Structure formats: C-alpha cells, structure tokens
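Using the hints, position chain P with the ligands against chain A.
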Amino acid sequence: MLSNWPTPEALEWTSQDERSMIKDLAVMIAGKAGDGVLFTGNVLAKVLKRHGWEIVTSRDFPSNIRGESTCYTVRASLDKIYGLSDQVNILLAFDCEAILAHLPEIAANGIVFCDGQGMTTPPPEQTLGRTFHRFSLRALAREQFGQEIFKNVIALGALSYVLDLDASLLDGIISEMFLKRKGEEVVRKNVQAARFGYDKAREITAETERHPLAKKADDDQVLISGNEAIGLGALAAGCRYFAAYPICPATEIWQWLVHYLPGFGGAVVQTEDELAALNMTLGASFAGARAMTSTSGPGASLMMEAFSLAGMAEIPAVIAHVQRMGPATGMPTKSQQGDVLQWIFGSHGEFPRIVLAPGTVGECFELTVRAFNLADKYQCPVIILTELDMGQNFRTTRAFDFSGVRIERGKLLSTGELLGTADFKRYEITADGISPRSLPSWKNGVHLAESLEHDEKGYRDEDPLNRRRMMEKRMRKLDQASPDFCAPQVWGCQKAEVGFIGFGSTLGAILEAVEQLRAKSVPSRFLQLRTLWPFPAAEVRAFLAESRDIFVVEHNFSGELATLIKSQVSPCAELNNILNYSTLPFTPREIVEPVLRSRR
Amino acid sequence: MKVKASYHRLDPTWCNGCGLFGVFDALKRAAVALAIEPEELVIVTGIGCHGRLNNYFRAYGFHGLHGRTMPVATGIKLVNPGLQVVAVSGDGDAYSIGLGHFLHALRKNVGLTYIVVDNRIYALTQGQASPTTDFGMVTMSTPVGSKDYPIDGPSLALAAGGTFIARGFSGEVAHLASLIERGMKHDGFALIDVLSPCVTHNKLNSYDWYKKHILHVEEVPGYSPRAKAKAWEALNDPEKIAVGLIYEEDKPSFEELVLPDREKPIASLDLKVDVPRLGKIMDGFR
Ligand SMILES: Cc1ncc(C[n+]2csc(CCOP(=O)(O)OP(=O)(O)O)c2C)c(N)n1
Ligand code: SF4
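So the sequences go chain by chain: A and P. The numbering used here puts the first sequence at residues 1 to 600. The numbering used here puts the second sequence at residues 601 to 886.
So that you can see chain P by itself, here it is in the shape it has in the complex:
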C-alpha cells in the first residue's frame, strides 16, 4: 500500500499559502489512489516556481528548460510507455514559451498527464504579466495595466482536438486529486489546468476571488463531458470559470499508433548487432 509519505522527499519552500502546495498534495493523493510505485512515475517540470515540484517529490524526475516539458515527456513516454509520465508547467511555461509544444503533444494525443499550474503571472521572475493575466491588470511588466488579451488553456485544448480536458483549483485539493487521477488513467493526452493563486505576486486572483468565480460543471444539470457543444458553452461563460472534467473522448494514443509493440518498450530492447540483417540492408547499396 502507498501513502502520501511514499512520495515525499522534502518539504517545499514555496511561499506560505502558495497554490503549489495544493497541487503537490493533490498529485501525491492521485499517486496513492493509483498505488503507483515511485519508480514507475516520472515527473517532468518546466522552469518557474512550479518547476521545483520534482525536487520535493519522490519519483524519477526531469527538470529541463523553460517551456520544453512536452517534448521531453513525449520522448520518455514513447521509449517506456509503461511509465506514468506527468508534466508540470506554469502558465508562462505552457501557454507562452511552450505553447507550440503543448498544442502538438496534445494533437498527437501522447499519453501524458499535463498539469498546468496557472497563477496568471510569471512568479519566479518576480511578477510580470503572463498569457493568462487579466486584461488591464497591473504587474511588474505592465505598470499601466496589461494591454494583452488573455488566452485560456482548456479552450485552446478543445479547439486543437484534446481528448481529456479538465480544470481544477488548488484550493480544492480532493477535487483536483480526483481530476489528476482520472487524467493519469486516460489513455492519451490529459490536460489539467489548475487555477492556483500566487499569494506573493498576484493579489487579484486570490483564493476568495476564485471561489467566487468558479463553476463546477458536474453541478450543471445535464452536463456531459462527452458533449463538445456543452464544453464550448461552459468554457465561454462570461461570468464563471468552468472547473471539473470539461471534455473527454476516446481516441488511440500516439504510443499505440507509432510504437511497433507497446509491450516491448524501446528502453529495454536488446541492442545486439544483427550482422546478417544489417548485411542484407547493406546489399541494397551494391
């Protein structure tokens, strides 16, 4: 049996009250629920406050470059599809510098769980506007208010053919954990966008602000995450931010489509030099 302590390496040093604690806790809970061996879990992080997560978590990890979690995680997953590969990015990491990679990993439907910790600010670099910062918000980089219209990760994901699109709130850890757990079980790409306060650099989007603005889709009468039209409607609500499992569909994953045999991971292939077979290939050049 696994307990949260099985995945705990070190106490995080994020600011007191940071939403990242909720994400850290939810990820552990999901791992407990699925009883994943720490060795079978790989956490790939981007650069930002969120990027420290795999320094604190006990599992294999890859802390790479700003915005590049997706290709790294894809490489890992394809080479060893038996691994549970979870990537964690910030809103800058995922929706700005890594936006291209995000959409391409998603459209390929690579079997990754992508947790985007959206604090609507560049936190580690001390508070500049991010692609999800509200229009008009004053930040370090926008002293007279942001002139950029924000984008919304789950909406992009829905437009780009995402097969599992969810949004959680780091103030509701149990709910977030259940979304992550479902995302990990999904055979394909799972996006879990997380509304997550940065208590130091974003005084506007606080826990209370989110509580006032979120709407749980599971509480909407007749809502089905299998209905795309309803998902669009929920994401386009001008007043409320939809949370919960917004959309889900079944589609073959990239691993299933491109790997010769998922049961024979590339990572454990015997690389023995097959001299006769290579010789035959060489004959083609005669």
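Pulled out of the complex, with its shape left as it was, chain A reads as follows:
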C-alpha cells in the first residue's frame, strides 16, 4: 500500500502573527444561487493552486437551483492547510445581503467588493479598517460584453489584480474550460473580460489595498475533491462495476466514474433505488467484479437490508457514504457526521463490517484502494464514510502514487486451483474464518450464495451446532485483522494535556485549533481515527491515558463518536464533547474557545 497522506511533521507551525495575509488568505464569493458563485470559486481555487499555493475550499449552498444565498470560500496558503481559518480577507459579494451576512468574518484590514444596488459603506464603527468598493459587475458586463454572464470572469480578473497574480494563469484556465466546448471566440471574449476586470480593479483600489501573494513552486500538487478522490481510488483499485441512485452529496463519485469506467472495460448503472443499488453491487461482486455503490443518509437507510445480506453471504462490497444533514430528507446540501452508528451497529443480525473514515483527500484515495482489498480479503461489506464537506470541497494534495497500489483479492481462487478440488466448500470453516471463493462459470466451484443460515457448501442448514459454528466462523474473520487497518494518527505536540479525538473532515478545523492553542501556549494533540470499525480500542485507550482533558469533536448533535468510544473502552476517562450541529462545518474558534473556557 502506498502511504499518501502527509505526516504530522509536514505540518509547519506558524503563529497567527507570522502568517500575515501574504502567506495565508481567504477569499469569499457570495451571492444568490444562479449567480455563478460555484464557477467563480472553482476557477479562483484553480488559479491559486497553479500559483503554487495550498488550497482548501468550502461551499455553503442551498438545496435549490436559483434565488437563495450561497457562498464559496477559497483559503490559500503557502503552508500545508487542511481546513478554513476563522477569517475572510477578501469578500466578493454579488449583492448587499451577502455583506451583512458575512461582515463579522471579514478581517480587520479586509477588502469588500460589492455589486449591490444601493450599496452604502457601513458605519465606521463597523468597518474597523475594512475597505468597501462598489463594483457594478453586472452593469459593466452588460455594457462591455453584452451579457451579464461575463460578470464572473470580470470578477476573477479583478481578484487577479488584487492578489497580483500572473494574468496568464487565469487565461490558461479559461481556455482549458471553454476551448473544447465553446470554441475560440468564447475564449477570446472571456480573456478580454478578465483583462477588463483586472484593469477596472486597478482603477478602483489603492495600491495599499492589494494582497500580493508570494509564489511557491508547484510541487506535484493536485486540487481535488473527496468525491473525485474516491472515484479515482476506485478506478485504480480495479473497481469495474458501479451501481447507484442519484443523491446529494455523493453523486459526484458516480458522475466522475461514469466518464472512466467504460474506458477501462467496466460499467456504470443507474438503478431504480438504493435497494437495487446495493443488491446489484452484491450480484456483480458475487460474479467476480470489484463492485461499488455510493450514497448518503436516506439511501443508506434503504441499503440496510442488503448490507446484512453482504455479511451473511460473505460477499465483498464497497459502499461510499457521503454524509449530509438528517434526519429524513434533512438538509441535503449541508454537511454532518450523524450517520456513524448507522453502519457500525445498523441492520439486523450480527456480522462483520469495516468502516473507514478518511480525513484528507489523500486518504479518500488511499482508503478507497484499501477498502477494495479489505472487502476481498475479509469477504464483507466495507464502508467509506465521509461528509459533504470532504466530498464536495476541493483541497490540494500531493499527486497520488499509483505505483504503490496493490490489488489483493484474498482467498479468491483461480480456475486452476479449483481443477483439483473435488469437494469445494464456499463457506469452509477455517481457522481465520475466511473461506475460499469461486466465481460462476468456474468448474468444480458450484455453490449457493445463501442468505439463510447455511452449511459449508452454502446450502440451508438449521442445525443448532452448525449455526453456532458458522456464526463463530464469520465473526472471527476480523479478529486478527487489525494490522490491515489504518491505525489512528496522532497530530500536534508530542506531549500535551489537551487531547482531541475526531475523524473525517473535522480534521482541518481541529488542526487549526491545535495551532491556535499552541500560539496561546496550550499544547494539544489530536487523535485522528481513520478506521471506525473494528474500533481501534488499544490506540484510543493509550491516548486517553496520556491526556488529561479529552475533547471529542464531532459535527453532530449527540456525540456519536463519544458514545462509540464509551462503548468500546472501559473503564473510560471523562470525555468532553465539542459538538456542532449547525449547517456549517466547525471553525477553529469553535474548538479553541471551549478548551480555553475549560481551563479558566
């Protein structure tokens, strides 16, 4: 296996003050759905990435297509970053409402561009050194280029000026985006609009307001979302069958794979629902494919019955679950970590399952590759559990190392190995609980994949002793498995009284919090769980023993991870929960403050 994730040492500690705006900055683009906020943000992120910077993006979108407030934040830094900071340095607002909504986040020397009707500068007691510029993007786009749609590229040109970026970076991305699909004329007009924006910004801003960015050589970085990284991981791992039903925020995994799987000889199927998606994945896997499905909370609930089938019939399956806000339909475009226990304790009956939780985009790739190997090795369902924040937002990471990818299919026999077998037992009771597998069409491998309790050949068997032996066989498959799992990772200071525990996309905010606390002379450490089940009890126990104040940080209401820890580590130290069940992911401040409060 490759180990792609950055080591904790790669985190360079810089204090808040050292990190002046030149080395670290956040740009927010805000407006209404339909304003092109997503487009503008994505392009800006790409430009800054090509400038050589580390990027983290964050989007806050409503679940409708037009009319409601949306915003997109791009944080860029010379240092390795995993999450947002607490501040926004530049706000580009397509309306005045956006300013009112985001004013508190804007840094003291921040700068605001607004295309608002009747925009007035806020009273001086509110501006606190921030500068405000009226920037009539729509009107200018109409006057100069005949169409309002050019406002986004004009805005991007203006940002290029303020950040003192090489104008050719933006030109290059415009041409990549439009040349194939729309032709030269569209490229030319957009490049012109970008230039116009650049010049316009020079007119309206003072030189002192610029935020010129130091440039770093691009060191093999890519800008990718968690969903895309999972898709790429699946492709590299040999996934050749993908079945799913559309659901936000998981759909991008599928939308990405649909372009590549056929070229690799595979197939992507849109099913009638999630019941079908997982059952079809199991059929495909039974017949020999590395198969996968993806979903979010509502779909996961529908998959629960087939999840149990995968456990009983011992069929490898990979399920990517990108969490959104529940319960029920909840808030489809908001992130949450509220479905953790669903996969760990969910469905009927008892069977082994594996739940992995990547905390970086590199880990999304890495753990997806690993998920396929684990599914084949242990012949059980494997869940890749992420959140909207991880799935849909973009982050820079080192380009993935494909040469380190190994495809390990466990006890899947070959046709040759079967030839000499007279009495093949698909569910043979073995010391490690894992049995040999054959595929339909293979001679001497005939068997039944059975959902009823079965004998070693797969045929129904209700004998009490057989039931006991089969249950023990299945349940012991994961007994010796821990070396195969991704162990928890400890980040932060070597020795610290304060210990954070978390998983998934809260990693970014927790690492920022660790840094901010360090600047305040409160050393802390962070235990990042990457395998949630089987639970890494030994590592968690050790971490608890070494820390005085434990904070379990979770983006949910009831502290599912804390509940899990308490159920698996006994006796358990006192756990403080830092919970956030708001529609936005954690800010570092929301983690730092409760820690400081607890120490007063």
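These are computed hints drawn from the structure, not numbers from a lab. All clues given are correct.
Distance condition first, Cα-Cα at most 25 Å in a straight line; then the derived DSS-like pairs of lysine-lysine:
no.: 1; chain 1: A; residue 1: K443; chain 2: P; residue 2: K604
no.: 2; chain 1: A; residue 1: K443; chain 2: P; residue 2: K785
no.: 3; chain 1: P; residue 1: K830; chain 2: P; residue 2: K812
With the C-beta cut set under 10 Å, the calculated list includes, among others, these residues of chain A facing chain P:
no.: 4; residue: R50
no.: 5; residue: G265
no.: 6; residue: G288
no.: 7; residue: A306
no.: 8; residue: F400
no.: 9; residue: R406
no.: 10; residue: I407
no.: 11; residue: P440
no.: 12; residue: H447
All of these numbers come straight from a predicted model, not from anything done at the bench. Beta carbons are placed, not taken as given, at the ideal position from N, Cα and C, and that holds for glycine.
Just chain P with the ligands now, kept in the frame of chain A:
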C-alpha cells in the same frame, strides 16, 4: 450430453403436489434441451417457498432477499454476460415487494429469464393474500375476503415494454419447459409467469380450476405473439387466462447497450494497475 440428473442436487421438500415440483422439473428439462453446463447457469431466487429451488438444483445460485432477485441477477449478468441467469420469484416476491425492480429490469431489457411462480398466495408465511389473489378470496389476512383488486404480471410487462412475455402452467410441464427454453434463448428480458397451485394454502386455484380457466394462445386461430394488439386482447379475456408465448419482439439487450465489449466480461478483466494511464487522468487535476 446432459440429462435431468445433471442438475439435480437434492430432492425438494415442498408439500406433496405443490406446483413448484413442475417448475423444478421444467427448468431442468429446459437446461437439458439447451445442454447448459451447470457451471454456466446461475439461479437467483427470492424469499418464499419458491426460494428453496436453488437449494435443490445443481448450478451456481444466489438466494438473496425478499423481492430483490432482479438487481442481483442484473449485476451477475452484466459482469458475465456469457452466463445463463435465471431468476425465480413468487407472486409476492415479484409483484409486491419486488414490483419496482421487476419493471425496471424489464424496461432495461436485461438478458434474464424471470420465472414468477404465481400461486396467488403468500405461501411460506402461511397463506396471506398476495397481489394476484382473487378479489373476495378468504385468506389468513383477509378473513372476510380480499378487498384488493388483483394485478396481472404479463399485462404489466406488456405495458412496460417487455420483449418476451409468456405464461405457463405447472400442471403442463412439457409446455412450461418449452417456454422457459425459449425464454433462455431470447436476447433480452424474458418473463415466464407460471400458474402454480399451492395445495396447502390456496384451495381455490387448484389444478382442476386452472385446467378449466386456461386458454392456449397457440390454439387461437390467427394468433401471433408479434402482434401487440392481439396480446392485449388475449390478456384482457374476462373468462380465460391466456397461456403460451403471449408476446415477443426484438430489441437490443441492456448488456449489448452498456457493456464496452460483451466478449470481454468484466468478471475476467485483468485489473493490473495502469500507472501511466492513471497518471494522465491525475494530470487533469493539476
Ligand atoms: C423484507 C421482508 N419482509 C417480509 C418477509 C417475510 N416473507 C417471507 S416469504 C414472504 C412472502 C412469500 O410469498 P411469495 O413471494 O408469493 O412466495 P411463495 O412462498 O408463495 O413461494 C414474506 C412476506 C421477508 N422475508 N422479508
Ligand atoms: S406451502 Fe404451498 S407453495 Fe409452499 S410448498 Fe406447500 S404447496 Fe408449495
């Protein structure tokens, strides 16, 4: 050469006289006629008395969940289209809990043979009304008679664009076997709805009752399974239940449409990690 014994694993333990014996026998006969290797045949079953069929049959098998035969069978077929994939459901399995899957597999025209053993009752759960139970029939769940109007699988299939729609009777095994055999040869989705008595829980729809009510379409003068209007007419007959090959048409199968190459099954692809090719894809993120 294959004989019925080639596919026999175990004697079934269904009730004496159960229609499922006829289905079991007919499926073996069809396999013999097509000389299918047991390894090349996969039987996917639902949950119900019918679901035991692949415990008795010698072939690869998948006994999954109640109502979910279709997605499982579709996954198998797409991954290895050379396999002969036969799914067996009951009327509850296919037309109640699995109705959505049934219509979608059918409209996609996946190359499956779907045998729905319609005994007009939920047998395994001891005799509750099913979606094909006659209106007014007294069952365990309808002590004063069923208040639900029944639905008809082949009619649904015809409306939803089925490309091979047949109905057999488990009391006429040779005829049923010939329908199954044709269904297996059909390149696309083949529905074979089977009128099949449950002698224990459905005393109304007995062998004699069916004999009185069926009408063989092949005996209707001028009947052609290629004419949709005639198929509608036969299915709408208020007195008689049409059996035989009711409708057939040629349409590309789902495998043909979605698989890059049917000759290179997904199941036997070399999964070697193509580092340069993946690296090129990665470059798109720079
Ligand atoms: C999700 C689910 N709900 C209910 C059941 C219980 N159950 C088992 S078989 C069956 C009905 C069987 O009727 P049918 O499909 O017509 O098959 P038959 O027994 O008549 O062959 C039901 C409801 C189940 N196994 N799974
Ligand atoms: S209960 Fe009915 S369907 Fe089930 S085996 Fe007996 S006769 Fe057949």
